[in-house]
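Please put together the full structure from these sequences, using the hints given.
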Amino acid sequence: MTIYLKLSQLLPFSLLLVGAVSVTHQPVSAAEAAHVHGQGSLLIAQQENVWQLQFRLPAADIQAFGHTQPTGESADSILALKQTLASPKKAFDLIGGNCRLAGHEFDFANHEMHHHEHAQHSDTETHSEVTLSYSLHCEQEPQRVKVNLFDIASSLELLDTQWSISAGQGKADLTPSARYISW
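According to the numbering used here, the sequence shown is numbered sequentially starting from 1.
If you're looking for bench data, these hints aren't it; they were derived computationally from the structure. Only a predicted model underlies this, so the values are computations on that prediction, with no experimental measurement involved. By construction, the Cβ of each residue, glycine as well, lies at the ideal position given by its N, Cα and C atoms. You may find that some hints are simply not true.
Pair by pair, the computed Cβ-Cβ distance ranges are [as the list claims (entries may be wrong)]:
1) Q140 to A172: 18 to 28 Å
2) Q143 to D173: 17 to 27 Å
3) A178 to E139: 24 to 34 Å
Okay, structure coming up:
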């Protein structure tokens, strides 16, 4: 039996993941939760054979959102980025499990709105985020994940990663030189 869920149906499960992992850690103050360039997050959730991976990254860390590009070139870069990221292997690789893409959603809206504001207020810095969500159907449980997104987000230095899967829950910090998570 094949189970397909819309990404929006997995959102409550993702919120459960954040809550479950956060329970084991101390509360975060407002200053610590602030947007920081070079740092993003990855949430990994499993519900039976459906896996969801959600990246949240500062837009400034992705090459397509460069500050020096004119508006038309930036729009072309964003379109090219969306086409590139439509292939999950550009962002990550679930190793083992025989997984196939069930769906994806990209949210660049905050950046596109801010880009318009940026043209009017050139002295402000971009603080928008990009959200990349992938849903996959896996025949078996993957053994580990490799994050390839560091190649596209060249100034990304740290990816705070949390997961809740049948093998358990965990948290790890990934970097360009430490891209793998095993469970």
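Hint check:
In this structure, Q140 and A172 meet the distance hint of 18 to 28 Å, their C-beta atoms being roughly 22 Å apart. Separation of Q143 from D173 is about 20 Å and conforms to the stated range, judged on CB atoms against 17 to 27 Å. At about 28 Å, the beta-carbon gap between A178 and E139 stays in the expected band of 24 to 34 Å.
In terms of the numbered hints stated before, the structure departs from none.
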